[in-house]
Amino acid sequence: MTINRKKASERLVTLVWGLGLIGLWEIGATVVENTKRSPQNVLPHLYQIIQSVFSTAMVSNKQTALQIVLSNAGLTLYRAGIGFLIGIAVGFLLALLMQRFVPIEKIAFPYLMMIQMIPILGMAPIVLAITKDIDKSRIVIAAILTFYPVATNTLAGFKSVEKEKYELMHSIAATDRQLYTKLLIPACIPYFFTGLKISAPMAITASILVDTLQGGGGLGCMLSQSLKHAMSIYVFWQIVFLSAIVGILSYQLMALIEKIVSPYERAGA
Amino acid sequence: MQHNSETEIKILGLCVDFPDKNSGDIIHALTNIDLEIKEGEFVSLVGPSGCGKTTLLRAIADLQEPTSGIISVKGMRPHEVRIRQKYGFVFQSPVLYDWRTVRRNICMPMEVMGIPKKERSKRIDETLEMVGLTDFGKKYPHQLSGGMQQRVGIARALAYEPEILLMDEPFSALDEFTKEKLHLDLLNIWKKTNKTILFVTHNIQEAVFLSDRIVVLSPHPGRVSAVVDVDIPRPRGLESRDGDDFNHMVSKVRHSFEGV
Amino acid sequence: MSDRKEFSLNKNMISTAVYPIFFGLFILLLWETEALHKIIDADTFTLPVPSRIIGIIAENLPSILKNTKATVQVAVGGLVLGSLLGYLLAMIATAFPKWGKGGLTIVSAFNAVPVIAIAPIMTNLTKDFSRDPNLRSMLAKTLVVMLLCTVSMSINAFRGFNELKPFSEDLMKSIAAKPASVFFKLRVPNSVPYIFTALRVSVPGSVIFAMVSEYFAEYIIGVGRQIRENIVLAQYATAWAYIAAAFVIGVTMYIILLIFENILLRGRR
Chain A
1 MTINRKKASE
11 RLVTLVWGLG
21 LIGLWEIGAT
31 VVENTKRSPQ
41 NVLPHLYQII
51 QSVFSTAMVS
61 NKQTALQIVL
71 SNAGLTLYRA
81 GIGFLIGIAV
91 GFLLALLMQR
101 FVPIEKIAFP
111 YLMMIQMIPI
121 LGMAPIVLAI
131 TKDIDKSRIV
141 IAAILTFYPV
151 ATNTLAGFKS
161 VEKEKYELMH
171 SIAATDRQLY
181 TKLLIPACIP
191 YFFTGLKISA
201 PMAITASILV
211 DTLQGGGGLG
221 CMLSQSLKHA
231 MSIYVFWQIV
241 FLSAIVGILS
251 YQLMALIEKI
261 VSPYERAGA
Chain B
1 MQHNSETEIK
11 ILGLCVDFPD
21 KNSGDIIHAL
31 TNIDLEIKEG
41 EFVSLVGPSG
51 CGKTTLLRAI
61 ADLQEPTSGI
71 ISVKGMRPHE
81 VRIRQKYGFV
91 FQSPVLYDWR
101 TVRRNICMPM
111 EVMGIPKKER
121 SKRIDETLEM
131 VGLTDFGKKY
141 PHQLSGGMQQ
151 RVGIARALAY
161 EPEILLMDEP
171 FSALDEFTKE
181 KLHLDLLNIW
191 KKTNKTILFV
201 THNIQEAVFL
211 SDRIVVLSPH
221 PGRVSAVVDV
231 DIPRPRGLES
241 RDGDDFNHMV
251 SKVRHSFEGV
Chain C
1 MSDRKEFSLN
11 KNMISTAVYP
21 IFFGLFILLL
31 WETEALHKII
41 DADTFTLPVP
51 SRIIGIIAEN
61 LPSILKNTKA
71 TVQVAVGGLV
81 LGSLLGYLLA
91 MIATAFPKWG
101 KGGLTIVSAF
111 NAVPVIAIAP
121 IMTNLTKDFS
131 RDPNLRSMLA
141 KTLVVMLLCT
151 VSMSINAFRG
161 FNELKPFSED
171 LMKSIAAKPA
181 SVFFKLRVPN
191 SVPYIFTALR
201 VSVPGSVIFA
211 MVSEYFAEYI
221 IGVGRQIREN
231 IVLAQYATAW
241 AYIAAAFVIG
251 VTMYIILLIF
261 ENILLRGRR
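Residue numbers (the UniProt record's numbering), protein chains in the order written: chain A, 1 to 269; chain B, 1 to 260; chain C, 1 to 269.
So that you can see chain A by itself, here it is in the shape it has in the complex (with noise of 0.2 Å):
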């Protein structure tokens, strides 16, 4: 078999698993739709949600259903990103120093290994109450969760740097900032972007979950809201698949990012 044919063939069979997942859904809604009082609430039809999509009746405050997802998605992901972009910048920022000075090593790498078994998330309220504003909250937790995997990874990166590449630099002479550039950054890049990879998605759920907290706004308060029978529960189904949706976009983004950025892939073979 040739290679295209071969993954033609495994996209094939991706397509008959989702298809085959569309398929079961649907005969879970349609159990649902017989035997429930309010089966929208438990397992709607997937042509429901999708009509609600399109739909132009207005759910509340002269907006339909579309509109309150898209307006509330636009609050939550824009601070999501501003958490996840410091995040990186101090991930980063916080691997380099400890490449660079052993103390500074020793003393944060048992906090990173730390962090990373403490549940955070769970967390999120009494960073509301500390910050007591719920924007900077979103803020907040976003970076901590994008942090910690930026640093470890990248800190996993600069550590794969062989000593004989380190001896190389050093026997012509490389200035500090020479062996950063040529050495150290290109060779930390795919880890730098395992990390990204785990901490996208993560930025995001963070972000959806601070709404949840507060009336404020964004996609999580409009997710209570809808559960609460505040408005159409198809508010509810579309977030669902949206933050679904952004949550698979943004890993993918970080790999396209990654296929850009990496001087590896860019001149292809």
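If you are wondering where the hints come from, they were derived from the structure by calculation, not from laboratory data. A virtual CB, placed ideally from N, CA and C, is assigned to each residue, including glycine. Be aware that one or more of the hints could be misleading.
To give an idea of the chain A side of the interface with chain C (calculated C-beta under 10 Å), a few residues [as the list claims (entries may be wrong)]:
{"no.": "1", "residue": "Met114"}
{"no.": "2", "residue": "Leu227"}
{"no.": "3", "residue": "Met231"}
For this one, chain A is given, so just place chains B and C on it according to the hints.
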């Protein structure tokens, strides 16, 4: 080969000690080494593992701090020579950057040294031809065989035109056929460029075939047990390995080890 | 660079332990003396000093233990069930590689779906399961944790079954081993390190997912829910007591994992 009789590297009473990684005991890697190497000379450092041959090379390259003694290269300390970028170091493994193509790997030291772009490109072409990899410049390291990768490592060390080549068992991981080919290539390159070459190996035949002189080192503590002049005429080809001269020279070197 | 490795071993070990402990004590001191509050601009009401938190823990010990038990039950239950199911799925996928691989591509997409989208769905789905709201909430929460642990185990175990050492399959073929013995003598042992790769993600994940799904559960119990409820009631010191409990749960479960890993992966590289 005729070389200028000027001394390139001079070593006096060199000692290197370091603590053992596991036990923490002091290891005398090198004790009281005296050695002189002339400009344009091809000298091999030969010995079993633990004899300090790599340590000696690394001390000259300023990759290892001596405990005591003097190393003078072109009348300077190794550190000054390294800072002036006069060393070309070839490692046991190719040490290539897997995110760079062959050309860009060879280019890397020249970027570090600020050599103009046009000149860089010219020298890459030249060295690629020298090591016989002209058609492979756009490939990535993982697409090459081990022997080809090692040749890229040598090309990289040649391209920025260092005055002294320091080679640490560069062919030890290669198969016999590739090795023989690279021996001839290396002798050719040496003839063309007339560099001083210091070559570390544990392979006596290799050392005899390549060198003007062989420095035999013995372990525990690392010391020079003999210096053997190789009087096999140059230019040398594969047939040089078949003569009685060659075998005689090999056994002479073999017999000069002490306490092994 | 080379002098980094020239520290003697003892000195190295001492500094590895002493630096972080000293740093931790320093932070605790800043916290207790309220200097920390000035740095991050908080007050002792939302961020009580450590001695007060310890006092609160002592006062509320029975209810903290009760909620801790609820969270641990969900986390461990979901972790165990999900990991077993994931391992089983990976086995099936290995038995039918063509269809299995595509199926796991779909499964891996669930990795990027935020928990917040899944938790409310599970709560709704399990509404008719039992009259007892505590029981059905437990089921909903366990299902959330289970789903996410299944995903990470199935992906990693599948890799463990299939990323074999070079020539190991040839060796089995050369002795005419049956597929079953290839599976149990080669693939299963090969998958063990991959199981731990999955668990390193899903053990901390299970605690987080348990805490977050508590937010959406009907019945108010669990460490995560208590953090939130107490903050809503402005009982910040009590909330901090539950945060301490969450911290202990997370760290304890991770350390147990590390102990298991140490025993089972001993002698492997």
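Hint check:
| no. | hint | verdict |
| --- | --- | --- |
| 1 | Met114 | holds, 7 Å |
| 2 | Leu227 | holds, 6 Å |
| 3 | Met231 | violated, 15 Å |
Hint 3 alone, counting from the list given before, is not met by this structure.
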